[in-house]
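*Asks:* Sequence:
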Amino acid sequence: MLLPELSSSLRRNGANALVAFFHGRRRLLGDVLCLFSSTGAAATPKPHFMVDYLVDSCGFSPEKAARALKHVRRIESPQQPDSVLDFFKRHGFDDPQIKKLVSWQPRWLSLDVEKRLAPKFRALRELGFYESDVIHITLSNASSLNLRLHATLLPKIELWRSLLGSNDVLIKFLKRRLRLLSCSVEKCVLPNLAVLRDCGIPESKISVILKQHPAVVVQRPASLQALIDRTEGLGIPRHSGMFGWALRILYRVNEAKFKAKMEFMRILGWSESEFLSAFRMTPSILGASEKALQKKMEFWVKEAGCQPSYLAHHPVLLMCSLENRLIPRYRAMEILKSKGLCSDDKSPYTIMCLSEENFMKNFILRHKEEVPELCEMYASCCNRGRTR
Numbered sequence: 001m002l003l004p005e006l007s008s009s010l011r012r013n014g015a016n017a018l019v020a021f022f023h024g025r026r027r028l029l030g031d032v033l034c035l036f037s038s039t040g041a042a043a044t045p046k047p048h049f050m051v052d053y054l055v056d057s058c059g060f061s062p063e064k065a066a067r068a069l070k071h072v073r074r075i076e077s078p079q080q081p082d083s084v085l086d087f088f089k090r091h092g093f094d095d096p097q098i099k100k101l102v103s104w105q106p107r108w109l110s111l112d113v114e115k116r117l118a119p120k121f122r123a124l125r126e127l128g129f130y131e132s133d134v135i136h137i138t139l140s141n142a143s144s145l146n147l148r149l150h151a152t153l154l155p156k157i158e159l160w161r162s163l164l165g166s167n168d169v170l171i172k173f174l175k176r177r178l179r180l181l182s183c184s185v186e187k188c189v190l191p192n193l194a195v196l197r198d199c200g201i202p203e204s205k206i207s208v209i210l211k212q213h214p215a216v217v218v219q220r221p222a223s224l225q226a227l228i229d230r231t232e233g234l235g236i237p238r239h240s241g242m243f244g245w246a247l248r249i250l251y252r253v254n255e256a257k258f259k260a261k262m263e264f265m266r267i268l269g270w271s272e273s274e275f276l277s278a279f280r281m282t283p284s285i286l287g288a289s290e291k292a293l294q295k296k297m298e299f300w301v302k303e304a305g306c307q308p309s310y311l312a313h314h315p316v317l318l319m320c321s322l323e324n325r326l327i328p329r330y331r332a333m334e335i336l337k338s339k340g341l342c343s344d345d346k347s348p349y350t351i352m353c354l355s356e357e358n359f360m361k362n363f364i365l366r367h368k369e370e371v372p373e374l375c376e377m378y379a380s381c382c383n384r385g386r387t388r
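In the working numbering, the protein residues as written are 1 to 388.
Certain hints may be false.
Stated by the list, open to error - Pairs of lysine-lysine residues, derived as DSS-like cross-links and limited to a Cα-Cα distance of at most 25 Å, are as follows:
#1 Lys337 - Lys296
#2 Lys120 - Lys172
#3 Lys99 - Lys64
#4 Lys115 - Lys172
#5 Lys339 - Lys291
#6 Lys337 - Lys361
#7 Lys211 - Lys257
#8 Lys296 - Lys257
#9 Lys64 - Lys100
#10 Lys115 - Lys100
#11 Lys361 - Lys339
#12 Lys70 - Lys46
#13 Lys291 - Lys302
#14 Lys99 - Lys211
#15 Lys259 - Lys295
#16 Lys46 - Lys89
#17 Lys115 - Lys99
#18 Lys368 - Lys346
#19 Lys115 - Lys64
#20 Lys156 - Lys172
#21 Lys295 - Lys346
#22 Lys295 - Lys261
Stated by the list, open to error - Simulated restraints, written as ranges between beta carbons of each label pair:
#23 Glu376 - Gly305: 21 to 31 Å
#24 Arg125 - Cys353: 39 to 49 Å
#25 Ala194 - Val253: 32 to 42 Å
#26 Arg125 - Glu76: 26 to 36 Å
#27 His136 - Glu272: 36 to 46 Å
In short, the hints are calculated from the structure, not lab data. Every value quoted in this text rests on a predicted model; they were computed, and no experiment measured them. In this text, a Cβ means the ideal position worked out from N, Cα and C, and glycines have one as well.
With these hints in hand, go ahead and build the complete structure from the sequences.
*Replies:* Right, dumping it as structure tokens:
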């Protein structure tokens with residue numbers, strides 16, 4: 001009704017009619033504006049109480065709380081999330097740890113404590129895990145609380161306990177956030193174990209691989225097969241006793257790092273073929289730091305008078321401790337040689353690879369009468385190495 005009247009007035013009196021029109025109807029206009037104002041206010045939804053809850057009780061920022069709301073919107077009262085937070089506190093979690101858990105999985109605030117959380121914590125304790133262990137399992141493998149207890153979580157823990165040998169070893173690797181509980185047993189772990197057995201690796205060495213690098217069997221079977229092919233391509237056959245050792249070393253050393261280490265050893269005096277030969281005999285040389293390798297190579301070449309090629313044929317000499325074994329034994333042998341108590345036919349490899357007990361018996365204690373100071377010198381040299 002207002003629009004036709006306003007339109008007619010504008011045609012008769014022009015713009016002045018617009019002022020007169022609204023001047024006479026100020027009360028009506030005010031009512032209309034109030035109507036729109038009240039409608040707008042009614043359209044603004046009241047913030048969900050969980051937004052404030054996440055901020056006040058869980059340490060969320062307002063922005064993060066707003067983003068997390070979609071996971072907790074169905075919670076109807078504070079009693080529900082209170083029960084979850086109280087549960088974690090009663091089981092030894094401190095406030096920063098609880099904040100971390102809720103930050104990762106806000107929807108856990110909606111879990112039924114007695115049906116979803118308590119049974120899992122109780123089952124883990126019954127398996128022999130301490131309260132601190134359960135905390136580590138939860139913090140390092142947050143997805144574990146999403147697993148079904150009897151169908152998935154417990155079978156996985158039992159499997160890994162049997163493979164690794166103890167709760168302590170399992171906890172050690174769970175702390176490293178390895179995907180032991182989140183990976184598929186059927187699609188990854190069991191097929192990978194079968195592949196290792198098919199390679200001829202004995203159970204004892206598979207056990208060593210698992211206890212040192214369980215991630216080897218957590219990866220996709222295709223990735224493990226590629227690792228096996230790479231190991232064979234470097235000249236280590238499957239039936240070799242070094243195959244399992246090389247496999248777990250190469251898992252941590254990609255091709256770029258392998259080539260970089262080969263180039264570094266070339267600078268120190270090895271040819272490519274000597275490096276590959278040394279790797280086949282002592283795969284762990286790939287894991288040694290360049291600084292340590294350089295110091296040991298300099299010791300052998302400059303002080304002991306060995307050729308780099310000799311070390312390539314006996315690479316284990318580069319893996320012995322410089323301070324605790326190489327220098328003390330070398331000093332002791334030099335003293336014995338200077339007094340004519342030891343011939344030069346003992347190779348460095350033979351001397352350095354003796355057990356500590358046999359070295360003491362055959363070289364130190366045997367000559368304690370002729371060289372009384374030898375035992376003290378050797379012990380002092382070893383102690384200096386241990387304190388560095």
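*Asks:* Could you check the structure against the hints above and give me the numbers of any it violates, in ascending order?
*Replies:* Of the numbered hints given earlier, those the structure breaks are 4, 5, 14, 16, 19, 25, listed in rising order.
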